[in-house]
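K.L.:
Sequence:
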Amino acid sequence: CDRSRWTRESADRSLTSRILSRSVRPLRRPGEGSIAMLARTIATLARSLAAVLLALAVGLTPATAEGLRTFTKKAAFDDVKFELSNAITAKGLKIDYTGHIGKMLERTGADVGSTKAIYKSAEFYTFCSAKLSRDMMEASAANIGYCPYVIFIYETAAKPGVVHVGYRRPPSGGRGGTKKALAAIDKLLEEIAKEAVK
Numbered sequence: 052c053d054r055s056r057w058t059r060e061s062a063d064r065s066l067t068s069r070i071l072s073r074s075v076r077p078l079r080r081p082g083e084g085s086i087a088m089l090a091r092t093i094a095t096l097a098r099s100l101a102a103v104l105l106a107l108a109v110g111l112t113p114a115t116a117e118g119l120r121t122f123t124k125k126a127a128f129d130d131v132k133f134e135l136s137n138a139i140t141a142k143g144l145k146i147d148y149t150g151h152i153g154k155m156l157e158r159t160g161a162d163v164g165s166t167k168a169i170y171k172s173a174e175f176y177t178f179c180s181a182k183l184s185r186d187m188m189e190a191s192a193a194n195i196g197y198c199p200y201v202i203f204i205y206e207t208a209a210k211p212g213v214v215h216v217g218y219r220r221p222p223s224g225g226r227g228g229t230k231k232a233l234a235a236i237d238k239l240l241e242e243i244a245k246e247a248v249k
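In this note's numbering, the protein residues as written are 52 to 249.
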């Protein structure tokens, strides 16, 4: 992720340089006075700045769209899994479903023509907070789409012993009650994930 972000930022800087080098050329036109040339240059700079801001906004979109937050700990997978389960139940929450995604990928790999081992272990949990979910859906019935919450845990086949715990972040936008409720859910999930990797 860091490398792709660095590559994207380099591309943004390169694009910015090209925009500015092509657009900002304060050359005096025949018969043009100093004030007129200055006004034209300012207008050109304004257009260039708008283009630069647009380019940067486009460059930031993929990072924002990822929507995941992950924490890492060097430990045995089962130990961190135990801590994660405890962190969820300690909040008074009940795990509704445990998804054994690692085993599913291992079981179905041959069926799709792949033998690559992605994870050594990988699972996810789904659950909800009755209060936070009610607050969210009272703000907007459409917010049902953000329930249940999902927290995942995995260690890769390439780096066993390095366990990742993370969650799918609710969006930071919305209005009024929706924004407040989603922020509270994000805080809850962050606290649970951090507790698991302490």
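If you are wondering where the hints come from, they were derived from the structure by calculation, not from laboratory data.
The structure presented is a predicted model; accordingly, all values stated were derived computationally and were not measured.
Glycine included, C-beta positions come from ideal geometry on N, C-alpha and C.
Among the clues, some could well be false.
Claimed, not checked - Estimated spans, in silico, between C-beta atoms of each pair:
hint: 1; residue 1: 162; residue 2: 141; range: 35 to 45 Å
hint: 2; residue 1: 163; residue 2: 220; range: 26 to 36 Å
hint: 3; residue 1: 136; residue 2: 193; range: 39 to 49 Å
hint: 4; residue 1: 133; residue 2: 164; range: 16 to 26 Å
hint: 5; residue 1: 127; residue 2: 234; range: 11 to 21 Å
hint: 6; residue 1: 231; residue 2: 126; range: 16 to 26 Å
hint: 7; residue 1: 238; residue 2: 164; range: 41 to 51 Å
hint: 8; residue 1: 209; residue 2: 231; range: 39 to 49 Å
hint: 9; residue 1: 133; residue 2: 238; range: 15 to 25 Å
hint: 10; residue 1: 165; residue 2: 238; range: 23 to 33 Å
hint: 11; residue 1: 241; residue 2: 148; range: 34 to 44 Å
K.L.:
Given the hint of 15 to 25 Å, is the C-beta distance from residue 133 to residue 238 inside that range or not?
P.N.:
holds, 23 Å
K.L.:
With 35 to 45 Å as the target window, see if residue 162 and residue 141 comply at their CB atoms.
P.N.:
holds, 39 Å
K.L.:
Okay, residue 136 versus residue 193 on CB: inside 39 to 49 Å?
P.N.:
For residue 193 against residue 136, whose Cβ atoms are near 31 Å apart, the range 39 to 49 Å is violated.
K.L.:
Could one say that the CB atoms of residue 231 and residue 126 fall in the range 16 to 26 Å?
P.N.:
Violated, since residue 231 and residue 126 (Cβ atoms, about 35 Å apart) do not stay within the stated range.
K.L.:
Please check whether residue 133 and residue 164 have a Cβ separation lying inside 16 to 26 Å.
P.N.:
Since the Cβ atoms of residue 133 and residue 164 sit about 36 Å apart, the hinted range of 16 to 26 Å is violated.
K.L.:
Given a hint of 11 to 21 Å, does the C-beta separation of residue 127 and residue 234 actually sit inside it?
P.N.:
violated, 33 Å
K.L.:
Note whether the CB distance of residue 165 and residue 238 lies within 23 to 33 Å or breaks it.
P.N.:
violated, 38 Å
K.L.:
Return holds or violated for the Cβ distance of residue 238 and residue 164 against the range 41 to 51 Å.
P.N.:
holds, 42 Å
K.L.:
Taking the CB of residue 209 and the CB of residue 231, does the distance hold inside 39 to 49 Å?
P.N.:
Holds: the Cβ-Cβ distance is about 40 Å, inside 39 to 49 Å.
K.L.:
Could you see if the CB distance from residue 241 to residue 148 stays within 34 to 44 Å?
P.N.:
Roughly 21 Å apart at Cβ, these two residues miss the hinted range, so it is violated.
K.L.:
Measuring from beta carbon to beta carbon, are residue 163 and residue 220 in 26 to 36 Å?
P.N.:
Distance hint for residue 163, residue 220 holds at roughly 29 Å.
Violation of the numbered hints given earlier is confined to hints 3, 4, 5, 6, 10, 11; the remaining hints are satisfied by the structure.
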